[in-house]
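Produce the complete structure using the sequences and hints provided.
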Amino acid sequence: MDLRDQLKNIFPDHEEQDFEMPVEKFVQKEPLVCKFEKKGRHGKPVTLVEGFEGSDDDLKKISKKIKTTLGIGGSEKDGTIIIQGDNRDKIMIILKGMGYKTKRVGG
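Using the working numbering, the letters of the sequence shown map in sequence onto residues 111 to 217.
Quick caveat, the hints were computed from the structure, so don't treat them as lab data. There may be inaccurate statements among the hints.
Cut-off 20 Å, straight-line C-alpha distance, at most; resulting in silico cross-link-like pairs (DMTMM-like, lysine to aspartate or glutamate) [claimed, not checked]:
id, residue 1, residue 2
1, Lys177, Glu147
2, Lys135, Asp168
3, Lys174, Glu163
4, Lys200, Glu160
See below:
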């Protein structure tokens, strides 16, 4: 006699139901840091978005959303999104719309 049979003996009116575990949505604990940088890039201005704690696929989705919305180039390396130009304010608005907390660093 297994556990299910024992429970049926104890609770004869109980009907068994299927149960699915709820999928937990990823929540960013620390805010994403948007900062402006020209150093080491031959004077070309870029905006860096750092501090993402999720997977690389999610990072690529965020980067693609920013790049297509603003119509500018960029890339993602080592958990950092690099966007061409000084677009901190616009990027912060996009990230807030996606549900991420942001923090502006520098000037």
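How the hints compare with the structure:
1. Lys177 / Glu147: holds, 18 Å
2. Lys135 / Asp168: With a Cα-Cα distance of about 12 Å, the restraint between Lys135 and Asp168 holds, given a limit of 20 Å.
3. Lys174 / Glu163: holds, 17 Å
4. Lys200 / Glu160: Since the Cα atoms of Lys200 and Glu160 sit roughly 16 Å apart, the hinted pair holds (cutoff 20 Å).
Of the hints listed earlier, there is not a single one the structure fails to meet.
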